[in-house]
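Protein chains: 2
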Amino acid sequence: MSQKRILIVGGVAGGASCAARSRRLDETAEIIMFDRGPYVSFANCGLPYYVGDVIVDESKLLVANATLFQERFNIQVCLEHNVRTIDRTAKTIEVENLKTGEIRQEAYDALVLSPGAAPIRPPLPGIDLPGIFALRTIPDSRKIRQWITDHQVKTAVVVGGGFIGLEMTENLLHRGIAVTILEQMPQVMPPLDREMVTGVHDLLRSQGVQLCLSDGVERFDPVGDGEGLQITTASGQVHRADLVILAIGVRPENQLARDAGLKIGERGGIQVNEQMQTNDPQIWAVGDAVEVQDFVTQTPIQIPLAGPANRQGRIAADAIAGRPSTFRGVQGTAVCQVFDLTIATTGASEKTLQRLEIPYHKVYLHPGHHVGYFPGAKPIDIKLLFAPDTGKILGVQAVGEEGTAKRVDVIAMALQQGGTVFDLEEAELCYAPQFGAAKDPVNFAGMIAANHLRGDAPLAQWSDPDWRSHLLLDVRDPDEFERGHVPGAVNVPLNSVRDRLATLPSDQPLYVYCQVGQRGYYATRVLRFHGFQAYNLTGGYKTYEAIEAT
Amino acid sequence: MSQKRILIVGGVAGGASCAARSRRLDETAEIIMFDRGPYVSFANCGLPYYVGDVIVDESKLLVANATLFQERFNIQVCLEHNVRTIDRTAKTIEVENLKTGEIRQEAYDALVLSPGAAPIRPPLPGIDLPGIFALRTIPDSRKIRQWITDHQVKTAVVVGGGFIGLEMTENLLHRGIAVTILEQMPQVMPPLDREMVTGVHDLLRSQGVQLCLSDGVERFDPVGDGEGLQITTASGQVHRADLVILAIGVRPENQLARDAGLKIGERGGIQVNEQMQTNDPQIWAVGDAVEVQDFVTQTPIQIPLAGPANRQGRIAADAIAGRPSTFRGVQGTAVCQVFDLTIATTGASEKTLQRLEIPYHKVYLHPGHHVGYFPGAKPIDIKLLFAPDTGKILGVQAVGEEGTAKRVDVIAMALQQGGTVFDLEEAELCYAPQFGAAKDPVNFAGMIAANHLRGDAPLAQWSDPDWRSHLLLDVRDPDEFERGHVPGAVNVPLNSVRDRLATLPSDQPLYVYCQVGQRGYYATRVLRFHGFQAYNLTGGYKTYEAIEAT
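First to last, the sequence lines map onto chains A and B.
So for the first sequence, our numbering puts the first residue at 1; every next one is plus one.
So for the second sequence, our numbering puts the first residue at 1; every next one is plus one.
Calculated from the structure, these hints are not laboratory results.
Just so you know, these numbers come straight off a predicted model, no measurement behind them.
Worth double-checking, as some hints may not be accurate.
Heads up, the list lumps identical chains together, so a pair's fine if it works in one copy or across two of them.
[Stated by the list, open to error] SDA-like mimics (lysine to any residue), calculated; alpha carbons at most 20 Å apart, straight line:
1) K154 to G249
2) K143 to E58
3) K60 to K378
4) K60 to N44
5) K60 to V238
6) K91 to N44
7) K4 to H530
8) K378 to E402
9) K378 to V56
10) K542 to P487
11) K378 to L79
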């Protein structure tokens, strides 16, 4: 067996996984991992919590270190080494030791690029002022901690309301810092659809966060002599802050690949085949820097996620070792905890399906995370997207407390297996009073969708204006109706629907709603049986309110 | 459309589901539900918590009541009505109104039997003494509550260590009552394999429970004048208690069906086809009284679970309405909370697979429920069973704290879809520091199994004595080895394996273990690459200790 020389550029998630697996597949290979920074294999997902003092011991963030790689895996790690160029013909890279300035060439048989993605720093006036930070590395978080202490930070502006932005917000609040979020879109957590996060908006505001949506930064200006920053937004608002966190998103670190003539996708990701191989057969690329296939939509996407990065690293290692493993694409399973709320999703969102013109149906539901008779049940808001013809699951979004991630994980598994809403209907999941229900929220999601597809209880959507021009029946109890209802709705409580049949028009669509959808379903069944063209407005009044709040 | 008359015997889970769905499918049918007891549709899974004062309001246990069935669903409910006989030729049942003694005949077009299962009361001397209770209904739990109050109960014996037994134990302790568990088998929670519940045994003992395994009751005797009971066991032990709970299991209520000549299975369950139809085409049966197909083993089983009972009720309603729905069988997904521990399972256990001579492989693992760098990670003990040829998932068992039910639910979904360990390897699940890891426990379970099946890192089992007669390498660090190791093991820390290759025999199997299996895997890979016949003892020292404790 000839001794292979495997060089890996970037030592976090994908790179580190690739290195370790390469060793497991080949004891004789020479494996060298280069990283620009002072650490490899650190827990970047933990950085916000280190800033927030939830993780207090910095060393906990080091999943592995250079010594461990050397001693356990016989992998050489070159920290603070910058790989400057690739000579694809000579199969060498040029590396600069950032500590000494020394520059050398290293030959490879296989080269793996895992450079990651860098936080976006838009070229705004004042962007380089002190006190403006992005969060990507341990040194970054150390600098933010230091700044908070040194400047006795009382106020912060977080630019961007995605995962990192929200996690940073919670952690800054945890340290007693008042936070303003500036988000260009009309919602936080852009992977979810807008109506699903109105509860998150409410929660943030209830926690004292100043939430400025549909507004972006125009410029940063210093205030006095080190008295903080002034942030001017596109809408003309002015905010003061001692600290600014940029959490706008990331862009693939593609310069090295681009300079070497490797193919780059439209959004900047290095293009690879399903073995994570670039257009140069000796060069592989993995992690946040690559363009991957969306498992649901089968279109190229750019999505920075740790799980897929690790998987890609292992697949590249397999490919280098001559194994036929392939990457099946990314579902986009993601989760974020914001105070007591869990926000989770897998698969495609409605806006993605709309953009790609992929046909879909959707249901909303708001079940308790466990049975109502056991104390402490909390609702989970769920939106399930599925194919109109086959019922195939396209995506799910859920916002709630306990048990939210569980439901998304179960549906993520079903989606991976090509499952349908009919499969969810039949799922046999854990039930004891503390955990779920004889009909789990996953079952309910499947049942509502299946009832729709079978034509048993066709759904209507609040987002579709049809209901506005027809008779709208509120089948809740009169006291619920009194407390608030959709303008124009007529109150026909479920239990009196049978008695009121003669008074309802049978020659036009009837739109029915209740609080969350269940009584609307019962009413729809009664009406349909008697020949009425009844539709149940999915998600009920609760979804109506969420959509109205957007 | 002719008006169908649907009679339903038994108004909990399966019966109530069937009644409600029958109405949704047919507005004109006459639907009557009979129940011997004073309530329908109550939450029997909540009863232990009502006894334990966790659920304080009895009315919470009533998911629906007779009035709701009447007003919402136009379903007549006859409470305290005992169905005595079925005349299959005349298609009538004879019903006794237990309140008035009146007996009448009721004709049916479709008859649904949902009589449930009754707690087993073995014919032991003294079994009918006051103070000995089983728990099936709201009146049962009311009587137990009353007894506790009236007799100032300080001590209880719980006979049986299954779900109900353990839930009752926790709830009695919650009320300040000292509990002794008597269990005939050498383990609690019989659906799981024995080595998986040693942690549960430890927990129960640490909570002050006197746990008597492999011992059954021989007789009950009164003590003095209402001073409690004396329980004598098969082994000759004598226990004193103010209260005895019988939680030995249940047997199908099959008398009515048996008297009517319906086919009954070997274990007493009413036999039905996949449409829940008995051998009489006008009679259906659902819930705990029927014999169902085990989804994994494809053998008939008797298993009282609320989720499947509900599904069966809906399927019977579909069948009666002429719809082709079928029951896909029961996976046996179940969960139980005992103090901080969650005990969950789906699919077949090892003992079931052994009994049925179904080939299987197994892996053990002990991952944290989330990443170790975030505070509060707790281990989950997992056992995954899978087919040796295809890697198809056969079953999983998990014991841990947070996130335990989630992993079982995810694998339950995969199992339902015919998934393999290779699918688990690839699962894309929620990851943020609070929720999981870039490699989730589900992924790890799949990877370990897949590495075994691919021959990359063949596993050995502690339960297979082979390792005892060969060289056993403990690849943990010397300090771990010092704290405890398997007798006869040689300590070769992982990082020195490469240096020690020359000292190891290459002509015989080498058995390797570490603490939980990961370092053992790395060592196995190194050794195999160099031609050694290395095997990794799955689950490591932690599983060894669990097996030794059985």
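So, going through the hints one by one against the coordinates:
| no. | hint | result |
| --- | --- | --- |
| 1 | K154 to G249 | neither (25 Å within a copy, 61 Å between copies) |
| 2 | K143 to E58 | within (13 Å within a copy, 57 Å between copies) |
| 3 | K60 to K378 | between (33 Å within a copy, 16 Å between copies) |
| 4 | K60 to N44 | within (11 Å within a copy, 46 Å between copies) |
| 5 | K60 to V238 | neither (39 Å within a copy, 52 Å between copies) |
| 6 | K91 to N44 | neither (31 Å within a copy, 70 Å between copies) |
| 7 | K4 to H530 | between (75 Å within a copy, 16 Å between copies) |
| 8 | K378 to E402 | both (8 Å within a copy, 17 Å between copies) |
| 9 | K378 to V56 | between (31 Å within a copy, 18 Å between copies) |
| 10 | K542 to P487 | within (14 Å within a copy, 63 Å between copies) |
| 11 | K378 to L79 | neither (47 Å within a copy, 32 Å between copies) |
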